[in-house]
Amino acid sequence: MRQLLFIARKEIKVALREKLVVSLGIVTLLLLGVALYAGYVSYQQQKEIITETQAEKRKEWLNQGDKHPHIAAHYGTFIFKPKTVLSLFDFGLDAYTGTSVYLEAHYQHGFMFRPAQDHTSMIRFGELSAALVLQVLAPLLIIFLAFGAFTRERESGTLKLLMSQGISFRLLTWGKIVAYSIMLAIVLLPIVVGIFILSFSGIRQEVIPDIAFRAVLLVLIYGVYLFLFISFSVWISLRSATGRNALLTLLTGWMFFAVLMPKTVTNFSESLYSLPSMREFKARIQEDKVNGLDGKTPRSVRRARLEKEYLEKYQVDSVEQLPFNFEGVSMQAGEEHGNKVYDHHLHKLREIFHQQNRLRSIASLFNPFLAVQHLSMALSGTDMYTFIHFEKAVEHYRRELVRKMNGDMAENSRYGEFYGYKAQRDLWQEIDDFAYQTPTAAELLQLYHLEILSLLMWTALVFVLLNYSNRKMKPLHG
Amino acid sequence: MDRTTKTLIHYEWKSFIRNRFQLLMLAAAFAFGIYAIYYGQSEINMQRQTIEAVTALEKKEFFEYKTSFQEELSTLEAEQTHDIASRPAYAWFRHGYHAILPPHDYASLAIGQRDLFRYYYRLTGMSLHYQLFENELANPVNLMTGNFDLSFILIYLFPLLIIAFCYSLFSAERENGTLALLQIQSVTIRKIILVRLAFYFTVVTGLALLISSIGLLTSGNPLAEQNRLPAVAWITGVLAYCIFWFALMFLIVSFRKNSSFNAIVAAGCWLVFLIVVPALLNVLVTTKFPLSSTTLAGLMRRTSLENENDEEEAREVIMEFLEHKPKLAGSDSLLNNDLLSKAYAAFTSLKDLNSKEEVDSYTAQVIRRNEWSSRFYWLSPAVNMQNLHAQMVKTDLRTFLRFHEALANFHGDITDFYFSRLFWNKPILREDYSHLPVFEMPEAQDRWGAIWTAIGKIMLMAVFVYLTGYIKMK
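These protein sequence lines map, in sequence, to chains F and D.
All letters in the first sequence, in the order written, are residues 2 to 479 by the numbering used here.
All letters in the second sequence, in the order written, are residues 332 to 805 by the numbering used here.
Since the hints were derived computationally from the structure, they do not count as laboratory data.
C-beta: ideal position from N, C-alpha, C; glycine also.
Restricting the straight-line Cα-Cα distance to at most 30 Å, the calculated cross-link-like pairs of lysine-lysine (BS3-like) are: (1) K14/F x K588/D; (2) K393/F x K405/F; (3) K11/F x K161/F; (4) K397/D x K290/F; (5) K687/D x K68/F; (6) K391/D x K297/F; (7) K687/D x K48/F; (8) K687/D x K60/F; (9) K391/D x K349/F; (10) K290/F x K314/F; (11) K20/F x K803/D; (12) K682/D x K423/F; (13) K390/D x K283/F; (14) K682/D x K68/F; (15) K290/F x K391/D; (16) K397/D x K283/F; (17) K682/D x K48/F; (18) K341/F x K290/F; (19) K405/F x K682/D; (20) K473/F x K14/F; (21) K20/F x K588/D; (22) K161/F x K588/D.
Pair ranges (Cβ atoms, derived): (23) E401/F x I566/D: 57 to 63 Å; (24) A503/D x G158/F: 18 to 24 Å; (25) K14/F x P621/D: 41 to 47 Å; (26) P621/D x V217/F: 28 to 34 Å; (27) R18/F x L798/D: 30 to 36 Å.
Computed footprint of chain F on chain D; a stretch qualifies when at least three of its residues, placed anywhere within it, have a C-beta under 8 Å from a C-beta of chain F: (28) 474-480; (29) 486-500; (30) 600-609; (31) 619-633; (32) 716-727.
Let the hints inform the model, and build the full structure from the sequences given.
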């Protein structure tokens with residue numbers, strides 16, 4: 002153990018003498034600071050705007066005056082996607098999922114306004130977030146730090162000296178890994194502390210229920226990820242004849258994993274499972290709304306069926322004799338039919354999204370970068386599943402709102418008198434304000450088992466490789 | 332070409348073809364390039380198919396209206412169709428016109444923002460803003476990851492290729508012990524390096540030009556009028572970008588450091604230009620010019636008259652609208668028939684008028700923030716180049732902003748067409764169908780000035796970097 006620490010200490014000393022590496026470390030740290038600060042500012046800005054506008058829309062809903070409930074259901078309201086506090090760490094999909102949605106009767110509107118639409122094509126290079134620094138830049142720093150771990154000893158002839166002193170490869174390898182880990186930990190300490198302060202301090206986060214747990218997991222996952230890079234870099238260095246070779250191999254690997262492969266896989270998934278256009282999607286829904294999902298029960302048939310059912314149930318001859326307004330019942334039935342059709346098509350659409358994203362998940366087994374990217378977004382609440390969960394919550398809210406409006410109309414108005422009845426503020430108040438909570442991290446992670454498996458597999462692999470090479474390595478090779 | 336140069340090239344060629352790894356890299360770059368072209372074309376073709384489908388729908392719709400003038404109206408349905416075709420009170424909110432931004436032939440080479448914005452809209456005379464904000468379906472994960480198009484290959488991968496070929500041009504000689512041999516030759520080291528650099532420049536840039544030519548030839552006819560300039564600009568851009576990276580490598584090599592140092596510095600430069608600068612600029616733009624679309628969202632709300640049975644309210648709305656459009660006033664029977672339809676038309680138009688300012692100021696903000704960031708594009712030739720590609724093939728933000736402007740004008744034409752008939756109580760005639768409103772998007776003024784200037788800037792930077800290296804190397 003003492004020997005191990007001794008090796009680590011020597012390694013740190015050498016690294017600190019390399020001006021290039023030290024300055025890169027400082028740059029990384031600075032970028033991390035800027036990323037976190039900018040993330041925080043933008044989080045605050047968006048949060049303020051969203052809270053304010055949401056309150057305003059709530060007020061509009063409550064003060065819409067006396068009107069017929071169905072008109073109120075069309076007047077509708079708006080929901081704005083809340084920013085999670087962890088999104089200041091990983092922006093995830095926030096620039097590409099819409100931010101606001103209009104809720105009204107009969108129609109499911111999609112989310113409007115993707116923030117990336119307010120940027121030039123430069124946005125496609127990505128935004129600087131702490132996650133980007135950790136996922137892309139930190140590995141590069143590690144490569145620069147560690148590519149010469151063994152090759153330097155080999156090239157300067159000190160490897161043989163070390164061996165002759167009875168130091169094993171195993172000891173040397175782990176000494177170096179420990180050294181780099183310590184250095185990286187020091188560079189990253191501020192952010193870890195920052196995240197913990199943020200998560201455990203009083204900041205009340207209504208959107209994410211288990212923020213502290215997520216913070217711990219984030220630190221753990223990035224820890225594993227960076228450890229993987231350190232170990233692989235040391236291993237490659239161990240196996241390479243010259244520093245130049247080690248560096249080139251590592252850089253090529255980094256390039257392939259972090260830049261090339263994610264794009265290739267994603268675009269491939271797009272060609273493999275293609276999406277319908279919005280026009281097609283809507284046309285299909287419209288057709289099924291008119292003709293029924295089976296294509297054989299048009300609206301008139303459905304209405305007649307409903308009428309007959311109610312006349313029989315209440316033993317009356319005409320809808321006017323019903324003790325409530327049949328229009329309200331009919332409208333709600335139409336609404337429910339529309340929902341059924343919409344759900345059917347939306348499900349198919351989400352299935353395509355799911356298939357596309359699943360290909361990335363499978364690819365993550367071969368690419369720890371993808372695994373960490375997915376897990377990081379998930380834990381920050383900026384991933385696809387959280388977004389879909391949010392979409393579902395919004396749609397549920399819309400349906401409840403419309404149902405209440407139609408129910409009130411059936412109960413309180415008379416058949417054929419559309420403008421006669423007006424509901425008042427107390428009905429509007431019956432609709433609770435929209436409140437959203439993300440799924441818990443535990444629930445989310447179940448959807449990401451491939452990614453977790455990937456990290457475990459890679460960790461196991463790196464241990465096996467190191468172990469194997471440490472045993473097989475002969476100092477005279479160098 | 333003197334003899335020493337020839338000898339140098341000859342031996343460089345020998346070592347080049349013996350290096351399997353280098354050849355493999357070139358082959359891989361070529362393969363990726365071809366795939367990128369294929370991918371871009373398939374994406375854009377899908378958009379073309381959608382455009383065809385919506386155009387066919389529109390044709391069908393209007394064909395039905397037109398034929399309803401000749402047919403005998405035997406069924407209830409035929410009568411309804413004819414009503415929609417001939418009575419402006421129905422037609423103004425039922426007739427749908429498609430405003431389409433067809434892709435440029437070379438959009439497939441640089442998809443730019445085309446996957447993010449809508450490129451077709453169906454517009455009726457109803458509130459413009461109600462029809463404007465819906466998004467095209469897209470997987471956010473894929474949007475975030477971005478497109479694997481030729482532009483990506485050239486901007487991301489080729490610099491890496493250049494780095495891989497050049498980082499050890501000098502240092503490898505020293506590390507292999509051949510430097511001393513070179514130094515005793517009559518040629519200067521600088522010349523040797525420059526000839527070798529020129530050799531790899533020819534190889535790598537040649538490959539980039541080859542892939543680009545394949546892309547340009549298979550995506551459209553480069554000689555067609557609308558393609559000529561983009562094709563020339565694309566090729567020039569590729570040249571400028573490659574020249575810049577080679578010049579940079581020359582500068583790095585000129586410091587005569589060891590291979591690892593060169594590789595680290597070169598990779599660092601790549602990182603700065605392709606990740607750090609754009610990512611930093613993006614996040615700065617977002618925080619410095621915060622934009623909130625929440626105000627626009629409100630314009631989506633479907634509102635209508637307080638009480639559709641209240642004729643007094645209907646009249647008031649119509650009169651308020653006519654103050655803005657005095658040309659529509661003056662008919663004797665203005666308030667006698669189709670009152671509700673007129674009131675609704677007036678109502679939705681007023682809504683657009685009232686929200687115009689909000690929408691315009693939002694667009695102005697978008698332009699302002701991006702003007703600010705474009706001032707820093709020179710910091711990274713990669714950002715500059717990517718933006719240029721999008722501009723050349725019209726997949727840039729500006730094109731979409733102009734499209735939106737044209738949409739608003741088109742919507743104005745549509746409402747003029749129907750409202751002039753609605754408020755003057757004139758039916759739509761068979762003849763009117765031969766001069767329906769048509770969508771037009773005016774060409775951008777002086778697009779090319781900016782493009783050539785930006786390419787010039789990359790060249791200038793390359794020259795500057797090269798000269799620094801030249802002096803340094805001695």
